[in-house]
Amino acid sequence: MPAAAERRPSRLQRVFGDTPTAWLWVTPAVVIILGLSLVPMAWALLLSFQKSDFVTPSTWIGLDNYSRLADDPTFAAAVRHTLIYTAAFVPLSIGGGLAIALALNRRIRFVGFYRTLVVVPYIMSATAQAVLFSFMFDSQFGVANALLDQVGIARQGFLQDPGQALWVIVLIGLWSGMGFCVIIYLAALQDIPRELVEAASIDGARRRGILLHVVLPALRPVTVFLFVWQTFQSLQLFDLVFVTTRGGPLQSTTVVVLYVWQQAFEFFNAGYGAAAAYVLAFGLLVVALVWGIYQRRREARVA
Amino acid sequence: MTRLIPALVAALLLVSGCGGSGDDATEPKPGEPVEITMWHGQDDIAGRVLGELADDFNATHKDIKVKATTGGVVADQMRQKITTALASGDYPDIAYIFGSDLANLARSDKVLDLTDAVNAPDFGWDDYFAPARDATMVDGRVRALPALVDDLAVVYNKKLFAEMGVDEPAEGWTWDDFEATSKALTDSGKGTFGTAWPAVGDEDTVWRVWPLVWQGGGEVITDDGKVGFGGAPGEAAFGVVNQLAQDGSVYVDTKPDSDQTYQLFNNDKIGMVVTGPWQLPDFIDAKKDFGVAPLPTFGGEPLTISAPDTWTIFDNGDARSKAAIEFVHWLNSPEQDAKWVTKAGSLPIRKGTTSKPEWAAYQKDVPGLSVFLDALDGARVKPANPAYPKVSEAVGQSLVAVLLKRSDPSDALAQAVQTSEAVLAGGG
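So the protein lines, in turn, are chains A and B. Here the first sequence is numbered in our numbering, starting from 1 and rising by one per residue. Here the second sequence is numbered in our numbering, starting from 304 and rising by one per residue.
Since the hints were derived computationally from the structure, they do not count as laboratory data. Careful, some of the hints might be misleading.
As the list claims (entries may be wrong) - 20 Å max Cα-Cα, derived EDC-like pairs, lysine to aspartate or glutamate:
| no. | chain 1 | residue 1 | chain 2 | residue 2 |
| --- | --- | --- | --- | --- |
| 1 | B | Lys461 | B | Glu474 |
| 2 | A | Lys51 | A | Glu266 |
| 3 | B | Lys413 | B | Asp621 |
| 4 | B | Lys365 | B | Glu355 |
| 5 | B | Lys654 | B | Asp430 |
| 6 | B | Lys642 | B | Asp358 |
| 7 | B | Lys693 | B | Asp527 |
| 8 | B | Lys461 | B | Asp480 |
| 9 | B | Lys693 | A | Asp71 |
| 10 | B | Lys461 | B | Asp668 |
| 11 | A | Lys51 | B | Asp412 |
| 12 | B | Lys693 | A | Glu266 |
| 13 | B | Lys659 | B | Asp680 |
| 14 | B | Lys625 | B | Asp412 |
| 15 | B | Lys493 | A | Asp149 |
| 16 | B | Lys708 | A | Asp161 |
| 17 | B | Lys693 | A | Asp72 |
To be verified - A partial selection of chain B residues facing chain A, derived with a Cβ cut-off under 8 Å:
| no. | residue |
| --- | --- |
| 18 | Gln383 |
| 19 | Arg410 |
| 20 | Ser411 |
| 21 | Ala502 |
| 22 | Val503 |
| 23 | Gly504 |
| 24 | Tyr554 |
| 25 | Lys558 |
| 26 | Pro559 |
Stated by the list, open to error - Where chain B lies over chain A, by a calculated footprint (3+ residues, C-beta under 8 Å):
| no. | stretch |
| --- | --- |
| 27 | 54-67 |
| 28 | 136-142 |
| 29 | 239-250 |
| 30 | 267-280 |
Here the structure is a predicted model, which means the values were calculated and not measured. We treat Cβ as the ideally placed atom computed from N, Cα and C, and that holds for glycine.
Looking at chain A on its own, in the form it has when it is part of the complex (with noise of 0.2 Å):
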């Protein structure tokens, strides 16, 4: 193949473009990404159209599987869930994250550690987080429980109230999502030309005016950045919910992804959890599209 790219370079670059033997680099990466990507979402998107339950053969129904899912009472209230817990977990976690990074990015003893700890949470598997937190949060016997008993504030029920579940469950994301900011945030405040704060200072700003005027400037990139991404984890909820509520209790928790699943693997409804998966996706896609105006706006402003 090389030996013939050599001799017959014009037939070849006619084919493949001017550096033929790129297509040979990249070929990897392609057959990888059309592979694992673009076939299961080509074939998600034609399995939406169709009554499947990966068992007999499935039925072209066309659209039914999404009108069936505007009508679907239990699709509508996991929507809800996930909509309530991203607008309250974005929010949370970005200002909690800011506000420890700036807490942490001074001298101050054993800044080191501190930062540790934050960050560990966001390190740990959240399989691991939800079963502690569980534990912690158990109506009865959890150590939350004990806590408000001591300062005499009355039992609550968390996980196992309707009401608060969806709640706790933000605050069990919050405890690793905040740590993820956190870093980002640190890495981006070391960014920040010293320059600028003490030309700011000489100038006569106060830490106030530098941090509104100088430093939350400086971050917006990165936190839109975080904006994005968080918004893309927590729409993408699931293994938090999996494993301490499943979706209970009566539905209070029960999230796009988990209601995908219990269509595809519970129920043997895969075409209709498919079409829910591709109203979650479409949403993930307008997500992006406004991600991707403000970039290029922005790279249009500096230039």
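Please build the complex by placing chain B on the supplied structure of chain A, with the hints as guidance.
Below, chain B alone, put in the same frame as chain A:
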């Protein structure tokens, strides 16, 4: 030029990687052993025992080679794994499938119909316990072979009973007795509960209520495909659950897998658990002084539920099918069954197993096992209906509503019946 070499190597690896999955010959060459794959989904001891049994089989059967693996998942996730495997067309010969999933999987023509095989005179189908046989039947055909048999009884913590001054369960006790005992064992000051009920709303929540429905004269799904638990039988069953919830004598475990329930039992915080023989080794490890009583009744004949799991065999060509049936048949023969059940902590699949010395020794080591075994005669299994998972979901949500005192039991039952009727009519 040298820069090209890594790319070529990568491309080559890729090609050979793709080829790897394509060389599964469906028909073996003559003279070579038939290779079959089993996905057993068992970890720890149970998985090791199956591996050893497969080795024994391979050593004594030169014409068949069994590859026993977990299949990469635990049994709980096998349904998920096997449905995707079936969709991809690359599936094992034998898989460990829960009885409640069989009706759905058996709609696939890749799941072998074993009716003729088990009716062969030397197969010994009559020697299998009735619930084990029943759990493999779908629409009157045998679509799998039994893999594991269990049933439900009440395991109670003798220490807590003594501490609270409560009489231990007696022969022929009723659900009224159960409620009263549970209440007497409950002390919010000490943090003790009479009993526990899994409240995720999944099959774990639901199958514990079917014996009550059956005892009350109801059915899960009737023979003509209608909801069978409405009216008096359902009212009675939901009434017991409601009474426990209202008394606050039931620990409502909303966490998946019931780990905490058993931990609390081991810590003398829960007096009675409705559970199966698989849990006994755990209680023994924790050095619990426990007793086992049959499920209470509403005054009629004792009746419990059995939920056997199956070895489901998939069609990969006649030679492999035949080999797979031969292997599972061998695995289920009393000699092997005795090794398997004493390690898996389950009940014998075959009546013949109970006369094996391993079983006798095991029964001596595990107190209370005989109660489970006695209850197995006459235990019933869930109906093999493809709509069952959705019926179970509806009943599960209603039971959780009652357990959490969020719903009146009659309303909850009516809701479950209504949803199930819609599902069974094909509207789900």
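Going down the list of hints, with the structure as the test:
no. : hint                : in the structure
1   : B/Lys461 - B/Glu474 : holds (16 Å)
2   : A/Lys51 - A/Glu266  : holds (15 Å)
3   : B/Lys413 - B/Asp621 : holds (12 Å)
4   : B/Lys365 - B/Glu355 : holds (16 Å)
5   : B/Lys654 - B/Asp430 : holds (5 Å)
6   : B/Lys642 - B/Asp358 : holds (14 Å)
7   : B/Lys693 - B/Asp527 : holds (17 Å)
8   : B/Lys461 - B/Asp480 : holds (17 Å)
9   : B/Lys693 - A/Asp71  : holds (18 Å)
10  : B/Lys461 - B/Asp668 : holds (18 Å)
11  : A/Lys51 - B/Asp412  : holds (18 Å)
12  : B/Lys693 - A/Glu266 : holds (8 Å)
13  : B/Lys659 - B/Asp680 : holds (19 Å)
14  : B/Lys625 - B/Asp412 : holds (16 Å)
15  : B/Lys493 - A/Asp149 : holds (15 Å)
16  : B/Lys708 - A/Asp161 : holds (11 Å)
17  : B/Lys693 - A/Asp72  : holds (15 Å)
18  : Gln383              : holds (4 Å)
19  : Arg410              : holds (5 Å)
20  : Ser411              : holds (4 Å)
21  : Ala502              : holds (7 Å)
22  : Val503              : holds (5 Å)
23  : Gly504              : holds (5 Å)
24  : Tyr554              : holds (6 Å)
25  : Lys558              : holds (5 Å)
26  : Pro559              : holds (5 Å)
27  : 54-67               : holds (count 3)
28  : 136-142             : holds (count 3)
29  : 239-250             : holds (count 9)
30  : 267-280             : holds (count 3)
Every hint, counting from the list given before, is met by this structure.
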